[in-house]
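So the protein sequences, as listed, match chains A and B. Our numbering numbers the first residue of the first sequence as 1 and each following residue consecutively. Our numbering numbers the first residue of the second sequence as 1 and each following residue consecutively.
Some clues are possibly wrong.
Here are a few chain B residues that sit away from chain A, every Cβ distance over 12 Å (derived from the structure) [what the hints assert, rightly or not]:
(1) N174
(2) E175
(3) A192
Which bits of chain A does chain B cover? Going by a derived footprint, with three or more residues having C-beta under 8 Å, they are [as the list claims (entries may be wrong)]:
(4) 146–154
(5) 256–267
Note that these hints are calculated values from the structure, not bench results. All C-beta atoms in this analysis are idealised placements derived from N, C-alpha and C, irrespective of residue type, glycine included.
There are 2 protein chains.
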Amino acid sequence: MFIKKLEQAQRNNDSLLCVGLDPQPSKITDLNVSLDDWLIAIVDATAPHVCAFKPQIAYFAAIQAESELTSIIRYIHSRYPNIPVILDAKRGDIGSTAEQYAKEAFIRYQADAVTVNPYMGGDTIQPYSKYTDKGVVVLCKTSNEGSGELQNLTLSNGNKLYEHVAKQASQSWNENHNLLLVVGATYPEELAGIRQIVGDMPLLIPGIGAQGGDVQTTLESGLRTDGLGLIISSSRNIIYAGQHHHNFATAAGQAAESLKNTINNYRRYEQ
Amino acid sequence: MFIKKLEQAQRNNDSLLCVGLDPQPSKITDLNVSLDDWLIAIVDATAPHVCAFKPQIAYFAAIQAESELTSIIRYIHSRYPNIPVILDAKRGDIGSTAEQYAKEAFIRYQADAVTVNPYMGGDTIQPYSKYTDKGVVVLCKTSNEGSGELQNLTLSNGNKLYEHVAKQASQSWNENHNLLLVVGATYPEELAGIRQIVGDMPLLIPGIGAQGGDVQTTLESGLRTDGLGLIISSSRNIIYAGQHHHNFATAAGQAAESLKNTINNYRRYEQ
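Could you build the full structure based on these sequences and the hints that come with them?
Right, here's the structure in full:
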């Protein structure tokens, strides 16, 4: 089951870090490697320091790289079978169509988890969550500047919309105990409130680094008392840490190790 | 520009009908045709009766049919250049990633419009809407049973969430005048309210037929005084109207013509 696999990886690698795989051709072409080789080199260099990999499907779809996405997920499963893969796809559609998206994520790409959008309601999340061995990561409070425009609207009962989503996702939507939430590191107050609502549910945290989220504040706001419960995702700052062919993988590995250590320093302090 | 192209097609073909292309292998294999040939046959048979085609990307993604999706959109553009293609993808992500999804829809697949999810806020819609010649169809009140779970939540100002989305989409998000909304035929009261909020904005209406939406009520609730303003989408009832190889395309054409005529009968009455 996904959450078990995730937490085992967090313990094995002593890491809450998730590396996002967002291949941008403009940043890779100068390196004189194929996309397949670049992905493998990044994965090999960072694998000792992560609890998960998170390929962002948009970056593959924009450049017709479905076969590269398939290959790198297969590679991770084969070479690092204990490290789960979260497919960042943010899908959302009515039941019969959501069934197809679930097939895309779990059958075609063999992802261990997928991100989904809750706007259409709980019946549109069920086609994913019925894969009980997979994880379903529901958008709650996202990291972008405009996320509050809908998510922070106050409801007539005094709750914010994102709080309502957190409640539903931790209660009625979560009959198979395989839901998680996305909460941006850029909103630590909301993160603290969500942690109160959802109990032990693991939270996927984008927005560290490039988007301005702070590691210490994130851990203070969202870490569980057992030192787990957060998946801290970073993409650009790690995978593009090296600018040149001779050092791109080494630099990515060093950046991952460094961020893992920074997280662990604050993590130990918090526990 | 998309809305102009759409309304020209509605006038040319005297039709508000949009045919959804949702290829399900289990329903096609018995027909003894390739997916490419099935798609072309459905498009050719229904083209005289439609104002738009709406391929649903999940059905292609689940079966690795990116090349068939590319081919059928190219075929529609070449053979029926006046009929727009709406890529039903319901994408939603932060800006830098939304840029990639916009490339997927508009550059890779050459769609004339794409459906998007508003949960993450207006800044996540802008990467699509900045393609000023393209249409961006924002989810507002969706056709599924559970759509009200979030969309019908009452805000502290008394509005429903979907009404707030309709307001934003028709005002501050719509600086390039290329937004449309998705409103399910299954919720005619909400449709009537949304028409009041958005003025002349065209609305994409799923949920007729298989999902239980009624044509007459839909037109009464949402038609503009000029007899346009609605794109009434139907998929399964049309594309799978024929069960056997010798009649599948003819049956689809007849089903499209029949639904077009039903819509037009009520449309004339309403005007």
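Hints versus structure:
| no. | hint | in the structure |
| --- | --- | --- |
| 1 | N174 | holds (14 Å) |
| 2 | E175 | holds (14 Å) |
| 3 | A192 | holds (21 Å) |
| 4 | 146–154 | holds (count 8) |
| 5 | 256–267 | violated (count 0) |
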